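A.B. asks: Using the sequences and the hints given, assemble the complete structure.
There are 2 protein chains.
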Amino acid sequence: MNIPVSVFSQVQADIQAVESLMLAQTNEQHPDLQAALELIVKSGGKRIRPTITLLVGHMLEAPQDKLVTLAAAIELLHTATLIHDDLIDGSLLRRGMPTLNAQWSPGSTILTGDFVFARAAKLAADAESIPVMKIFSQTLATIVNGEITQLFSGHCQTERDNYYSRIYAKTASLFETSAWTAALISPAEEKTINSMKNYGYKIGMAFQIIDDILDFTGDPETIGKPVGGDLRQGLLTLPGLYYIEDHAQEPEVLQILQGDCPSSDELNCLVEKICASKSITKAHSEACRFIEQARVHLESQPPSSERHSLETLASFIVDRDL
Amino acid sequence: MNIPVSVFSQVQADIQAVESLMLAQTNEQHPDLQAALELIVKSGGKRIRPTITLLVGHMLEAPQDKLVTLAAAIELLHTATLIHDDLIDGSLLRRGMPTLNAQWSPGSTILTGDFVFARAAKLAADAESIPVMKIFSQTLATIVNGEITQLFSGHCQTERDNYYSRIYAKTASLFETSAWTAALISPAEEKTINSMKNYGYKIGMAFQIIDDILDFTGDPETIGKPVGGDLRQGLLTLPGLYYIEDHAQEPEVLQILQGDCPSSDELNCLVEKICASKSITKAHSEACRFIEQARVHLESQPPSSERHSLETLASFIVDRDL
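These protein sequence lines map, in sequence, to chains L and S. In case it helps, this note's numbering puts the first sequence at residues 1 to 322. In case it helps, this note's numbering puts the second sequence at residues 1 to 322.
FYI, nobody ran anything at the bench for these hints, they're computed from the structure. On a predicted model such as this, the values are computed, not experimentally measured, just so you know. Errors might be hidden in some of the hints.
[To be verified] Okay, the calculated beta carbon distance ranges per label pair:
1. Glu128/L / Ala102/S: 40 to 48 Å
2. Glu38/S / Asp260/L: 30 to 38 Å
3. Leu93/S / Pro4/L: 21 to 29 Å
Every residue, glycine too, gets a C-beta built ideally from N, C-alpha and C.
C.D. replies: Now the structure itself:
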């Protein structure tokens, strides 16, 4: 997925400033650390989180300097979590580029992640807002607690509430923070700040649901994982949860409901059945509901090119190739 | 080393409040995470950093709530760095207790460290001071950059300047922050704030020099490492650096000065020679100089029981058993 051109062109110059600020965080540090961060920043990513921060901030007339600083803080926080995640998962590629842990020792990778956390916190502090700092550290705690919970919980969690908590921690919390903190540093009223928080939350939930659908329907080459990779690892996402609810009598499903994980052959078979079922469409409808709700939170804002881009961005999230 | 009773009794109640606040950071989180943090907090430590924060803050009439919060933030930051350090070094024991990585997977240990970082940042934000947040994140960056530099630098660095940079990053930076931030949340003048910053810096430098001396002279059972453990791993500390300066013609020393690391037999022999040399006393005198300078930074303060305890603490750092 790339951000739509009309949206991207609106923030392009600022995104370049964000990337420069991210890169500047290793100035005067150890050259290897500098090289590592350069590699990570230049390998890119969609920059969807800082794009949200910039659009919300511009719409609400946030001060430009602080807005760029905040957007860089958010993208660096995201980057730091990815560095540790890739190490923990043993992932050797991200966005087609070798991960840091594919090239460095575990120790250097852990410390680089820690350094990026420190710089994210520094930039967040540079936005000079106590509420922003509190939300920022809470978001990191939410993301990490979500990962710990996933590590320690049994496989094949079958409750939809559990799924929503998981994707909030994993994805929606930082989307929420991206929009919320941009509003907080703007001269906006509390009602508007809350609307932006909700907008970020809703599109974050939709974004992760779509990611989870793409795990079943996407091109394995593009997403870099085999079809149904999550389920094969015992991770039930929304399409699988709908399938279980609708087919509670099937033997593999019964097994899962009884707390056992099916064999790998049975899981392969289940992945095929899910792909061919209505569960994919149901999950997509759920993502669309989140997006509709997100758009409602923009309605109280006067028309502007930024509001239009935030609407476009919301729609685009569910219109990605399925 | 335990903090002198007279000093400890003055902060005992507050230290208990600090520990309760540290423990409260995992409330409503995953039970395993809660158990892990409980184990870490209860396994103790000298609490020397929060003791400094509390004494400086009380001396300068900092608000009590914020002071306890700040002290907990500083001890949690220290704790988080130890969690990752023990994992990176493969240390299985700390303070006689099994480390987290001795019991948990690397992934869980990394994430627990990250969670503790997040909570440290949250508590630092709760102190509601932007300058404190900036110093706090800068300190984490300094500590981590120091570790990365040590990982990537060749062994047997022979410059004393390099040694001072290393121990600043490793230890003195957080001691400095412990005293400095306590002054910053107090109604103190800039000159006093600077004096406290310097006091923290100087005792931190002395503290690490004494630790490095104890690596040669301490009881291996008490410090949990063989005598000269650092040097055997290629890490030159102040006693070794003085020895090299004074014995530049010895074959092992020449080897080190030419950038090669001696064999393990040669290193054993060098450790014995350093222990029997005047280098230990010279290093101790250097630590005493730092402590004298630290005490000077307290002189502008009116006499108080806290000032007296800060003086006692400074002296105690260099009077530990050699």
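A.B. asks: Look at each hint and say if it fits the structure.
C.D. replies: Going down the list of hints, with the structure as the test:
The hinted window of 40 to 48 Å between Glu128/L and Ala102/S holds, with their beta carbons roughly 42 Å apart. A hinted range of 30 to 38 Å for the beta carbons of Glu38/S and Asp260/L is consistent with their spacing of about 32 Å. Checked against the given bound of 21 to 29 Å, the beta carbons of Leu93/S and Pro4/L, roughly 55 Å apart, lie outside it.
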